[in-house]
Amino acid sequence: MLNPISLAFKKAKFEKRPALLTYTVAGDSSKKQSLEILKSVSKYADILEVGFPHNTPVADGGQIQTSSYRAIKNGIKMNDIFKIVKDFKISKNSKPIILMGYYNMIYQFGENKFLKECKKSGVNGLIVVDLPWPENKIFSKKCKKSSINFIQLLSPTTSYKRLKSITKNSHDMIYYISMLSTTGGKLKVSPKKILQNYNKIKKISPKKNCVIGFGITEKTISKFKNADGLVVGSQICKEITRSLKNRQNPVINVSKMVDKLKKKIT
Amino acid sequence: MKLKKGIPVIDQGDRLGFWGGKFGGNFVPETLKKPIEDLEIQFNKLKKDKKFLIERDRYFKNWIGSPTRFIKLHNLTKHIGGAQIWSKVVSDANGGAHKIYNATVHCLLAKRSGKKVIIGDTGAGYAGKMLSMAAKKFGLECKIFMGAKDIKRQQPNVKAMKKNGADVIPVYSGSQTLVDAVSECMRYWVANCDTTAMCVGSTVGPAIFVRICGWSTSQISRELKLQLLNEFGAIPRKLKLYNCVGGGSSSFGFWNEFMDYDKKQIEFIGVEAGGPAKSKKHAAPLTYGSKIGILHGAAQYVNQNDDGQIEETESISAGLDYPGISPLHCFLKDTKRARYTAASDEEALKAYQIVTKYEDLRPSLEPSHAFSVAIKEAKKLSKDTIVVINSCGDAYKDKKILERKLGKKYVKSN
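Protein chains in written order, with our numbering: chain G, 1 to 266; chain Z, 267 to 680.
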């Protein structure tokens, strides 16, 4: 049987479109609201990335930082995050969940205990921003044992040699960082160039599902229709911030935005 | 865990950059793997390149002004009435602190790799000031990231950076101090690593930055070794080296050449920032038993909560106000080569008053922490013990804080 992440890609491919992946921060702006956002967004998105916020992130831009600080300020703890995933997973038609964050949070929780909780709550995949190859060798093996997809990251600076060994050691899904940027940066490279790099990865590793992230917004998303999947994060976090500022309901606004994103790639 | 003899400590890390198998490493986003690897290759080659070493030494001598003075504090020794108290006046160096060594080396490396821009973090403003000086000297564009809180409390250094043509970028996230400045600087590098070189301001960050910084500041102990030989004819039989420890760059540099000596002969004492006496917050992860965690790409002892969120620190000295500590010092602590303790804000201020009262020396708030512990311990030590304190910064930058805490009159008279 295919794991839920691969299944989600298969479904999207069947519909001749990239899979849509969203990123939101657990606990932003409250535990309850972040759960509601996940539930409403899952009507349109295929896979949901859930950030576990860290207060010294080295790769996040302003939008995601704002969301993370808001969640931390509201008291989000690791156990709450697992609870949110669990509550989401018991809802109807739940989609695959990928937890994303920084290694210190996993390290402090304990790798084994962390994976146990992931499994218990229904987490399907993991992205650890600051645990690159080959440092992640042992941990990614542990993930595989727990049937959790460890998602390797690739970037424009990744050498061909690294590309080969990383894809070889990756699980079903890989994540291509579109450009040299923190999250939420403006697309400073042409989509053509990004797709060239993407195709290079696909050539080395045709069977793995490769998503493109960083700089993907309502404006740019339709230019990447040929990819296996596309991740939108900062724009959603920005929408939450904007909604809160205007005293509007972030759940409705984010949901509308994701609906639009989906239509642009369908 | 064991310290090896005959091999520089900066080269004692394993293949993945871990000292003692668990401190340091490279916990970085994929994008930085390549620029870090490039820097490693360049540094490993150049540190064996005789021409490069000659070039470095020329700049150290003619531009930084090596060697800095090694002086006996006669009045203080008399006043305390115990061990002989000496100081290595590293604040003599061009710019007024040890940060100039690392800044110069990073600019030399950047220049050789054809980078046009160099970025750096700063807490007390010294790392930023020196980087801006060196960047100007070597014709590089310079951007300095500095916490908004630190910009307010270290104005003299901010002014100096701007005068040198650097772009000072205020960081408003988190606690608005050094920890956030380093994060923001790393984020900027992630987005611009193809054109830009990064200088981490202390022996922290991904392993290569720890190594380059430690290698650069080791100039301090190279000079001291010669000066000790000149002064005493031999390395003293009882020598104690006191140094403040924030990120750990000056202390590591102050000790490096003496690593292989028995600690009974040469003892290293690192003094962390204990924060205000009444506050629970501090910047002393080694003294107060913080757990190992990951901060800015390296595993180290770091102040954090159960979940792994980095905790805010508090210290009167911006230069020590950092929740983590160099992997090198974690290694020296666990191998028991160095001893670590802390001094509070109040104790540092008191030490500053004592030193300036008796000597023509004006240590900044950072080394004042080291003076505090040295003065306390020197009292109980024999007269043939040589105590050396690294006075690694000048108090000019602390003028405002000192005026507020001790009164205008006091500061003026010094």
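There's no promise every hint is true.
No farther apart than 27 Å at their CA atoms in a straight line, the calculated lysine-lysine pairs in the BS3-like style are these [unchecked claim]:
#	chain 1	residue 1	chain 2	residue 2
1	G	K137	Z	K268
2	Z	K327	G	K145
3	Z	K300	G	K207
4	Z	K382	G	K193
5	G	K73	Z	K418
6	G	K200	Z	K300
7	G	K77	Z	K288
8	G	K193	Z	K381
9	Z	K300	G	K164
10	Z	K546	G	K77
11	G	K113	Z	K623
12	Z	K415	G	K73
13	Z	K415	G	K193
14	G	K137	G	K200
15	Z	K425	G	K73
16	G	K193	G	K13
17	Z	K403	G	K192
18	G	K137	Z	K300
19	Z	K288	G	K137
20	G	K77	Z	K557
21	Z	K300	G	K208
22	Z	K382	G	K188
23	Z	K418	G	K142
24	Z	K544	G	K73
25	G	K203	Z	K557
26	Z	K311	G	K161
27	G	K202	Z	K382
28	Z	K665	G	K144
29	G	K245	Z	K557
30	G	K113	Z	K300
31	Z	K381	G	K186
32	Z	K288	G	K141
33	Z	K311	Z	K382
34	Z	K288	G	K188
35	G	K161	Z	K300
36	G	K202	G	K245
37	G	K142	G	K192
It should be emphasised that the hints constitute simulated quantities derived from the structure, not laboratory data.
Verification of the supplied hints:
1. G:K137 / Z:K268: Roughly 26 Å separates the two Cα atoms, so the pair holds.
2. Z:K327 / G:K145: Status violated; Cα separation ~58 Å.
3. Z:K300 / G:K207: holds (26 Å)
4. Z:K382 / G:K193: With Cα atoms ~25 Å apart, K382 (chain Z) and K193 (chain G) stay inside 27 Å; holds.
5. G:K73 / Z:K418: Satisfied, since the Cα-Cα distance of roughly 25 Å is no more than 27 Å.
6. G:K200 / Z:K300: holds (18 Å)
7. G:K77 / Z:K288: holds (26 Å)
8. G:K193 / Z:K381: Distance ~24 Å between K193 (chain G) and K381 (chain Z) Cα, so the pair holds.
9. Z:K300 / G:K164: It holds: about 15 Å lies between the C-alpha atoms, which stays within 27 Å.
10. Z:K546 / G:K77: holds (22 Å)
11. G:K113 / Z:K623: With a Cα-Cα distance of about 57 Å, the restraint between K113 (chain G) and K623 (chain Z) is violated, given a limit of 27 Å.
12. Z:K415 / G:K73: Roughly 20 Å between the alpha carbons, so the hint for K415 (chain Z) and K73 (chain G) holds.
13. Z:K415 / G:K193: Status violated; Cα separation ~41 Å.
14. G:K137 / G:K200: holds (23 Å)
15. Z:K425 / G:K73: Violated, at about 34 Å.
16. G:K193 / G:K13: This hinted pair holds, its Cα atoms lying about 23 Å apart.
17. Z:K403 / G:K192: violated (41 Å)
18. G:K137 / Z:K300: Holds. K137 (chain G) to K300 (chain Z) sits at ~18 Å (cutoff 27 Å).
19. Z:K288 / G:K137: Holds, because 16 Å separates the two Cα atoms, which is no more than 27 Å.
20. G:K77 / Z:K557: Given that 27 Å is the threshold and the Cα spacing comes to 18 Å, the pair holds.
21. Z:K300 / G:K208: Roughly 23 Å between the alpha carbons, so the hint for K300 (chain Z) and K208 (chain G) holds.
22. Z:K382 / G:K188: holds (20 Å)
23. Z:K418 / G:K142: Roughly 47 Å separates the two Cα atoms, so the pair is violated.
24. Z:K544 / G:K73: The given pair, whose Cα atoms are some 25 Å apart, holds under the 27 Å limit.
25. G:K203 / Z:K557: With Cα atoms ~44 Å apart, K203 (chain G) and K557 (chain Z) exceed 27 Å; violated.
26. Z:K311 / G:K161: holds (22 Å)
27. G:K202 / Z:K382: Outside the cut-off at roughly 34 Å; violated.
28. Z:K665 / G:K144: violated (57 Å)
29. G:K245 / Z:K557: violated (38 Å)
30. G:K113 / Z:K300: violated (32 Å)
31. Z:K381 / G:K186: holds (23 Å)
32. Z:K288 / G:K141: Measuring from Cα to Cα gives roughly 20 Å; hence the hint holds.
33. Z:K311 / Z:K382: holds (21 Å)
34. Z:K288 / G:K188: violated (38 Å)
35. G:K161 / Z:K300: holds (11 Å)
36. G:K202 / G:K245: violated (42 Å)
37. G:K142 / G:K192: Judged against 27 Å, a Cα distance of about 37 Å means the pair is violated.
Of the numbered hints listed earlier, those contradicted by the structure are 2, 11, 13, 15, 17, 23, 25, 27, 28, 29, 30, 34, 36, 37.
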